[in-house]
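Enquirer: Residue numbers (this note's numbering), protein chains in the order written: chain A, 2 to 837; chain B, 102 to 470.
Rather than coming from a laboratory, the hints here were simulated on the basis of the structure.
Every residue, glycine too, gets a C-beta built ideally from N, C-alpha and C.
Some clues are possibly wrong.
What the hints assert, rightly or not - Listing some non-contacts, in silico: residues in chain B with all C-beta distances to chain A over 10 Å: (1) Ile147; (2) Arg177; (3) Arg182; (4) Ala209; (5) Glu244; (6) Leu261; (7) Glu319; (8) Asp350.
As the list claims (entries may be wrong) - Quick list of the computed label-pair ranges, beta carbon to beta carbon: (9) Leu304/B x Pro706/A: 57 to 67 Å; (10) Ala240/B x Gly679/A: 20 to 30 Å; (11) Val257/A x Thr323/B: 31 to 41 Å.
Said to hold, decoys possible - Derived list of chain A stretches under chain B, where covered just means 3 residues or more per stretch with a C-beta under 8 Å from a C-beta of chain B: (12) 318 to 326; (13) 507 to 517.
Spelled out, the chains give:
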Amino acid sequence: MRAPISWIREFVDLPAGLSGRELSAALIALGLEVETVDVVADVTGPVVIGRIESIEELTEFKKPIRFCHVSVGESNGGVRGIVCGARNFAEGDLVVVALPGAVLPGGFAIAARETYGRVSDGMICSSRELDLGDDHDGIMVLEAGSAEVGTAAGELLGFGEEVLDIAVTPDRGYALSIRGVAREAAIAFGLPFSDSATELAPLSAPVPDSQPRSCALIDSSACDVFTLRTLLDVDATRQSPLWLRQRLIAAGMRPVSLIVDVTNYVMLETGQPLHAFDADRVAGGLVARRATNGESLETLDHVSRDLDPEDLVIADDNGPLALAGTMGGTSSEIDLGSRNILLEAAHFDAVVVARMSRRHRLSSEASRRFERGVDRAIAPYASERAASLILELAGGRSAGMTAEEAPHEEVTITIDADLPERVAGMAIGPERVIENLTQVGCAVTAAESRLDVSPPSWRPDLTDPADLVEEVIRLIGYDQITPTLPAAPPGRGLTEAQQLRRRASRGAVAFGLIEVLSYPFIGEHDLDLCQIPTDDARRTFVRLANPLSEEQPGIRTTLLPGLLNAARRNVSRGADDVAIFEVGSVAFGVVGDSVTPPRLTASRPPSADELDALAAAIPSQRRHLAGLALGSVERPGWWGAGRDFVWSDALRIATGIVEDLGVAVSVDAAAYLPFHPGRCAVLSIVDPESNDDAMIIGYAGELHPKVCVSWDLPPRTCAFEFDLDAVIAIASDEVRRGPRFHSMPVAKEDIALVVPVDTAAADVAAALANGAGSLLESVRLFDVYQGPQVAEGSKSLAFSLRFRAADRTLGVDELSQSREAAIAAAETACGATLRT
Amino acid sequence: MSAPNKEYDPVEVSALDPAAIDAALSAAVAAIAAASDLDELKAVRIAHAGDRSALALANREIGALPPAAKAEAGQRVGKARGLLKKALEERQVQLEEDRDVRVLVAEAVDVTLPVDRAQVGARHPLSTISERLADVFVAMGYEVAEGPEIEAEWFNFDALNIAPDHPARTMQDTFFVESPDSGVVLRTHTSPVQIRALLERDLPVYVVCPGRVFRTDELDATHTPVFHQIEALVVDEGITMADLKGTLDHLAASVFGEGLVTRLRPSYFPFTEPSAELDLQCFACRGASVNNPDAPCRTCSSEGWIEWGGCGMVNPRVLEACGVDSERYSGFAFGMGLERTLMFRHDITDMRDMVEGDIRFSAAFGMEG
Ligand SMILES: [Zn+2]
């Protein structure tokens, strides 16, 4: 809502000299969000009214040019010669002249200058140059007799008018009118406010020889007030007066034609949208009714619309003429030839208009107001105001008004008089409560400690005690409340799971990874680039009805595409080493396939069954942790050669993070895209408290070479991803027990075994451990050899075994027995032979 | 210098001559002093204190003396040998020390060599600021509540008093899942977690909910379709707007520094009544730039305040939708965008930096923002 301050002043006697900024601050404190205070026609210096005395046509140039003698008043130099390129004026016309020294909007300074061989001693202005409209017709020609030659044009044209630009919240529909803003301004400055919109001089009596057209409301739940005024013999060809056009422009609307301008003007002033029909293009009376299937309507934006049975239309005997409260139709549109006019002012239901506006993707000044609630009582006044203006400006006669109104029940809200002070946490007192509620227009009756409050017709948003509380406190001022701190009961801090989640992120950082946050959107193309098979579960993602991009219509099932994208961006920006991670949620399942959430009321809490049904309709969402690394894990430098990230780093980091959470993870070979089929490990965990089998939580390894190519990443880029929630679910109910260790001397044995080349080292280590018995403290693989010193198809694995007893130094015999037993077990389990 | 005297008869005890002993000792002491390193000292030790040194020979010859002379000669030789031993020991310590110093000098390195062997990890500052804000509340006794990002509309809208045709549903542009009437959306704010907290927890409820939210904005310097909020909810007996203001002031001071105050402007949210916009006193100029053209402030455009979030008293309708007796309990809620908070706190000018994943961005913040 753009509200020119001069217009507000017509309704409330604001202090002289009050600046737009001061008014803005006062309204903001009351809750009107004034976004800016704009200045329209920001003109300084001498700009005066002039009269064209003579025109000399200059024809020797490419386009016709006029050299005009313009009288601008004795004090401004009498008659000046001015060059002008426009042709829409004649001798004797009143024009606006910017004299040398004037500065027009946009910092355009006027000076005398030589042009087209003449000295141009000023400029004849167009409305555009003055920021008073965007007429392309040429210069601004004022109505004869509307101004005195030589006087300053500023007052007449409203130069420097301050306009408040207010973002009106959905509950304050009344502030979409000058009178609504003025009422708030009156409250802000403690000034009396008389609602002149409801105090109109009555129109002259209707002409006796004609009847007003009838109107009717069929569906009173959608339209409960309908007025229709008939005006005859108006002259629609007349131009809107300057003051009217200025007001519309300042308020952000474009002048169209006199009749339309008047309806817009009255809407801006009163908040009541009006619509004018050409009576000669309407068959019979008008009715507000729902549309029927198959009906259609071409609206004023020249879009032909199929109507829905939910739509509310204004119709005549032949069919729909307008979408009620939203937009008129072309078939009954008034034009310059219209003589007889039907003026509709009605009250439509907010929800009906909101749905219609959304259904037809059609938002208008009218629909914005109805959606937010229009004053139910204002329609006849607004109609009368518009009719007066039309009769005054376009002539014609009133043929009277018909009106239909559905019965209306007044709302009364009862509150405890001390409710506002209980909510605010400050003393207010019942007198102040009554005073404030009365100021906003409520009728208040006090009954002991309770108040019966009837909100005014323009405040349909006031329905609950809490709404009245807000009115009282906002008028007092939120700044009047003294802050206090509530004492929360002792809390338990972060849950175990929340702490573990933080620890997982810190773990990733400890491994040198940098956290990124990717968008969770995904598409088929991302999965194609990852070589994900067509039947893979990761292809079944939750789809958005209105994605930002058709390329990524779904919610991610894996974090890797986001990391690949981030890595690609870093590489393209010149990064050589990129090691990143992300913790984020992924979703599985299809919404709407089998389960849709129940439509529940919010007027009571849902039952347990209803909550279950809601939960079942939401796809499964799990938090994953994924990482990606390329380039150096240790850079080359003065210390020597560096070392690049390889598959085992991905595995080291993934298992390291999981183990830091207190969960043992096991590793097996796997072929799982987007990983290299021979360099991918599957990670599993076991819940020690359940008998379930190991659960797969994720994968780590080197990315498939084709994936690296597809994402423009160097070969050997490695990555991992695992289900963090699954790890935390196990970790969070485990309390780690303290270790037991002994101080007797350790005995070390190194064993090198030759095994078939495809033997898993972990299996050999396990067999050694198994065979070595209870004296074994640890077994660690320290070398792998494959080459001429072992048989073809074999490899040598070198293990370091540590033995220790709890109570004694180990003897040579028992040590050698353990060693032999370990080797024997490896031989049995893996076909290992001792390397000699 | 003295030397072995093989060619002489051992009974010719010239070595026991007092002058000779003194001379041998003097020669030895001079040699010790002249030894410049441990190797030289070792040679000196052999020459002057070894088995065949003058003093050793003299010592050996004592036994051949007549008993009357033994004591006197023994004392003299013993004293000389003692002095020699002491001199050797002292010089040994001294030279070892010299050697150690030389080794340390020789081992010196250029400590200005770079040690950037590996990339240092870092958290994303949105993660750390989220934890920082949550911790302010946890310190006050609040708990951290959570909810899903893909959410039922009932939680995201209906239960928050945003009816199906309420203009507020178009105020925030929603990502709908599958179809506009599936009843499932990407949550547009963290407020559905309020509903979950009230349904799942016993009263009183003091919770804070950080999380990721979604709106169909295009990405630019100040908007992103995927962003983060943190929200607090308190429902208890006797909770007032004064409590809301005090809590906000405490949060502002904790995040931006002591003494910064907040301002509430009446506004509208369906789920709070009364509602307010939350402004934060400009932490850059603390209001000094207002009406002061000589010292304009870029952070607040010389307004003195910056918009930080929204807040209000929990609408009793919301309490009723969660089965809370609104006659007995009241509450407040507030929420703010973390991206904006981060921009203020760390002078970040472009929101795109937060979403693009350029490692230079997160790396600049390290482990804590
Ligand atoms: Zn500032």
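Enquirer: Does each hint hold? Answer for all of them.
Expert: Do the hints match the structure? See the list:
For Ile147/B, the non-interface assignment is confirmed: its Cβ lies about 41 Å from the closest Cβ of chain A, beyond the 10 Å cut-off. Annotated as non-interface, Arg177/B keeps its C-beta farther than 10 Å from every C-beta of chain A; the closest such distance is 54 Å. Residue placement check: Arg182/B keeps its beta carbon more than 10 Å from all beta carbons of chain A (closest about 45 Å). Even its closest Cβ contact with chain A, about 16 Å, leaves Ala209/B beyond 10 Å, as expected for a residue assigned away from the interface.
Against the 10 Å criterion, Glu244/B falls within the reach of chain A, whose nearest CB is about 5 Å from its own CB. Against the 10 Å criterion, Leu261/B falls within the reach of chain A, whose nearest CB is about 8 Å from its own CB. Distance to chain A contradicts Glu319/B as a non-interface residue, since its nearest Cβ pair spans about 7 Å, not more than 10 Å. Not every beta carbon of chain A lies more than 10 Å from that of Asp350/B, the smallest distance being close to 5 Å; the non-interface claim is violated.
Here the CB-CB span from Leu304/B to Pro706/A is close to 58 Å, well matched to the stated 57 to 67 Å. As the Cβ distance of Ala240/B to Gly679/A is approximately 51 Å, the hint placing it in 20 to 30 Å is violated. Between Val257/A and Thr323/B the Cβ separation comes to about 35 Å, which falls inside the hinted range of 31 to 41 Å. Judged by the Cβ-Cβ criterion of 8 Å, the segment 318 to 326 of chain A is not covered by chain B as claimed, because only 0 of its residues qualify and three are needed.
Given a C-beta distance limit of less than 8 Å, the hint that chain B covers the segment 507 to 517 of chain A holds, as 10 residues qualify and 3 suffice.
In this structure, the earlier hints numbered 5, 6, 7, 8, 10 and 12 are contradicted, and the remaining ones agree with it.
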